[in-house]
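Line by line, the protein sequences are chains A and B. Just so we're aligned: the first sequence equals residues 0 to 503 in numbering that gives the first Met the number 0. Just so we're aligned: the second sequence equals residues 0 to 503 in numbering that gives the first Met the number 0.
There could be a bad hint or two in this list.
[What the hints assert, rightly or not] Under 7 Å between C-beta atoms, here's a sample of chain B residues computed to sit facing chain A: (1) L45; (2) G46; (3) M145; (4) L157; (5) P161; (6) G194; (7) Y200; (8) L205; (9) A254; (10) S363; (11) L365; (12) A438; (13) N439.
No wet-lab data here; the hints were simulated from the structure. All C-beta atoms, glycine included, are put in the ideal place defined by N, C-alpha and C.
There are 2 protein chains.
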Amino acid sequence: MQLAIRRDSDTPTYRQIESQIRSLILEGRLPAGARLPAERVLARHLGVNRTTVVNAYRELAADGLIAGRAGRGTVVLGVAERAEASAEPAPVPLAWSGLIRPRLRSIQSPLVRRVADLAARQGTISLAAGIPEILTSPHIALDKTMGRLLDSCRESLLQDSPVLGLMHLREELARRLALKGCSRPAANQILILSGSQQGLYLVAQLLLEPGQAVLVESPTYVGALEVFRALGARLIEVPVDEQGMRVSAAEQIMAHVDVRLIYTIPNFQNPTGSVMSAERRAALLALAQRHRVPILEDDLYGELFYEANPPAPMRALDRGGFVLYLGSLSSVLGPGLRLGWLVAPPALIEPLAALRRTVDLHPSNLTQQAVCELLGDGSLDAHLAWVRRAWASRRDALLDALESHMPPSVRWGRPQGGLYVWCALAAPLNSRELLEEAANEEVVFVPGNVFFADGQGEAYMRLSFAHLSALDIAEGVRRLARAVKRLEKQPKHDGPSVGEHPIV
Amino acid sequence: MQLAIRRDSDTPTYRQIESQIRSLILEGRLPAGARLPAERVLARHLGVNRTTVVNAYRELAADGLIAGRAGRGTVVLGVAERAEASAEPAPVPLAWSGLIRPRLRSIQSPLVRRVADLAARQGTISLAAGIPEILTSPHIALDKTMGRLLDSCRESLLQDSPVLGLMHLREELARRLALKGCSRPAANQILILSGSQQGLYLVAQLLLEPGQAVLVESPTYVGALEVFRALGARLIEVPVDEQGMRVSAAEQIMAHVDVRLIYTIPNFQNPTGSVMSAERRAALLALAQRHRVPILEDDLYGELFYEANPPAPMRALDRGGFVLYLGSLSSVLGPGLRLGWLVAPPALIEPLAALRRTVDLHPSNLTQQAVCELLGDGSLDAHLAWVRRAWASRRDALLDALESHMPPSVRWGRPQGGLYVWCALAAPLNSRELLEEAANEEVVFVPGNVFFADGQGEAYMRLSFAHLSALDIAEGVRRLARAVKRLEKQPKHDGPSVGEHPIV
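Please construct the entire structure, taking both the sequences and the accompanying hints into account.
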């Protein structure tokens, strides 16, 4: 700290010291936390009285620029500390809750949060996770992938990507879609996304004014319900049975309600596991065409067939450009990468891309290149074949365990693919009570309620299997069965009784 | 293709052949594109008349399952081809444009698209890009980063991330923010984003009802204008001068208008390069406090100082929780990774996280881990020091070239950081005409218009320097100067004349 004292100046010496130190602080040359010399030391150095330095320091402290600190002498304060040390009272904190748009104040269901909290407890087996676990796959060798990635495209990893995504990736995805019986889309009909959730959001945001109706399956994916609610859409439910969405029910609704979008998960539906039959697919598309309403076909689980290949996507039948097709790698590769895609008619691509630009500019280059590597060298296909075998056996482990341990008050379907087994509970069981009882046994699942737009669904629960070993699955079901049995024995208090329900 | 003919059957032979092939196709065992044997060959193989096979194939073709293809014989059709080959007429295509929400039909300005198209032309030097180029940095060794990444966290790269982001990353960012003079935020006040654009979108979506007013700098970042427009907000402009936003003007506006959000880029503002003075920062915060209005402080460029460190962020002065602070790595590391963060008061974190969950669930694990590696080993800090030197010299190259080549009708500021030089054009120049003239010379820039909410700004242009070599910068400016001079000489037609304008 260099200070110059001019003894011939009109300015008192202590003011000269003070103003020079003040400048050093405000210009950042004495940074926050820097120690000032002890008063005695500085006084001797400058050849002034100690009182002179004391007065200078006192002025600086009064302005909140420095402060005495126990054991550290006098230090320079940071801007934030200065604000606190200043004489002005702190302002009344801003009351944020009143500033948040009313329908965005509580998007997430408290029950979903409760499940997440319970699942995070040490020692708890989660039959709730909607996320597969692929770490044991012998076919995903990330180190090799990354090595090739760096060899082949190091130069571009940090650069921007076209808003639609990398051309090479879009072409590869188009080629793969053609293998499903769809006519091959042009690469510029494909929008690469940070996961399929983003596609759901963009489509809903682009098409639905608040108050407009969207047709959803009942039950359906909770994340879709959250999007539609967040955007203020009106949710219209159509029941699902073992053949998927009941199109005849949709037909009746659409005769009366001005539906603006149909959302469906035709393959291994979340949460029921149902596969929509080829006849229903054709019928739903015909219905959409008659009413001039677009369909959002969410094919998150289409690759996860453990027995027959599911029927061709509705997009394959679509000759009028009614179907938006949503794909993702999260269900087969884990959600850590965040990569999905939306196939859309040309007229929709530009507005979707412009909206996506406002939302987060463009997809990650690193992620897209990594996925290109996995697709290009065949490791994803090998992984898929492995996944089908591995998860089919986990599904069987879950079904066997249910068979062995569950009392007759719990019934379940036998999904031919996907990640979930959907169970129906007979009275007096209800899934909210069962959740708490199960948590005591250190096992959790997702109560049916969260999958229904109307919040009903206490007679159902969803069990996941793809992320657990057969041993953990068996132990989880044993614990769950104990909870079920204990709840059955409890004298029923005044809660609403739940009758017999079909499984789907 | 294995077919079995039962000669004792009541079913005619051609029907037996037809139904077996039909099953093979519908079950996917004969995939789309597969070739059927020539009729004569199959007849001989089965020991039947050729006419029998012809009849079988004719039935299958009538149902749209197979078709004769020139040079390829008879092939199996895909589902889509079947639909087209079937007798039903194609439905009238869906008219999407009428289904898109009106204010989302054209978010992107045609002028921005025009600039992008011109910039993509072979041989064109782009002074338009808002994106730095870091490939020559000696400090970002992606191969080492990836290697360590795989060593340290291979297990988790594909798993999901907390919606707020990885704890380790949030703690590191909190620590770094404290170095800027802010009080250190708790890690759970930080939301990791796919770039700062996402933060802009989430905040605007959470707080602004359609029709509500947002205060923006004039000029400002075009991506912010697009978000606010897409959400239907009312844009209120406050002029920027060389000290940043003119807070006295904001004060006058806020006396009359019910502003719901203040958006500012205090450091090396886009596009003007202005740095908001410490006094203005304090005054703007005080104004916000008085009106109980939140501030979104976009600090995208805060690390890019080439001379003095800019004043502390407004967040450092904020004792009432009025400031939302937005950071990003795109400006220093390139936009390919997609990583930004938002620091927000605790009351806002949960609704922001819930909204983010609907938008794209959670950030990429791969990206977050890669950034943790870059932060943890000091390579980002070394890179930052390099960036400041490298880009300062590119800025100087641009300023020198302007000095050497531009006629007096073009004037410019001297930014002390950031990525842009903002230029004012004197009459009769206007930036839209100049853009086309410059494109003929194979150089592009961003016309001022896109940065103003009211579309004015023809008297300005923005030039970028951080992504170009000094040689390209000099050549780009030479070309631009030729375009300027040619335009000056043209006899002025009836376009509106542009007067003298201050630079900022």
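Hints, verified against the model:
| no. | hint | in the structure |
| --- | --- | --- |
| 1 | L45 | 28 Å, violated |
| 2 | G46 | 33 Å, violated |
| 3 | M145 | 5 Å, holds |
| 4 | L157 | 3 Å, holds |
| 5 | P161 | 10 Å, violated |
| 6 | G194 | 5 Å, holds |
| 7 | Y200 | 5 Å, holds |
| 8 | L205 | 5 Å, holds |
| 9 | A254 | 19 Å, violated |
| 10 | S363 | 4 Å, holds |
| 11 | L365 | 6 Å, holds |
| 12 | A438 | 21 Å, violated |
| 13 | N439 | 26 Å, violated |
Consistency with the previously given hints fails for numbers 1, 2, 5, 9, 12 and 13, ordered from lowest to highest.
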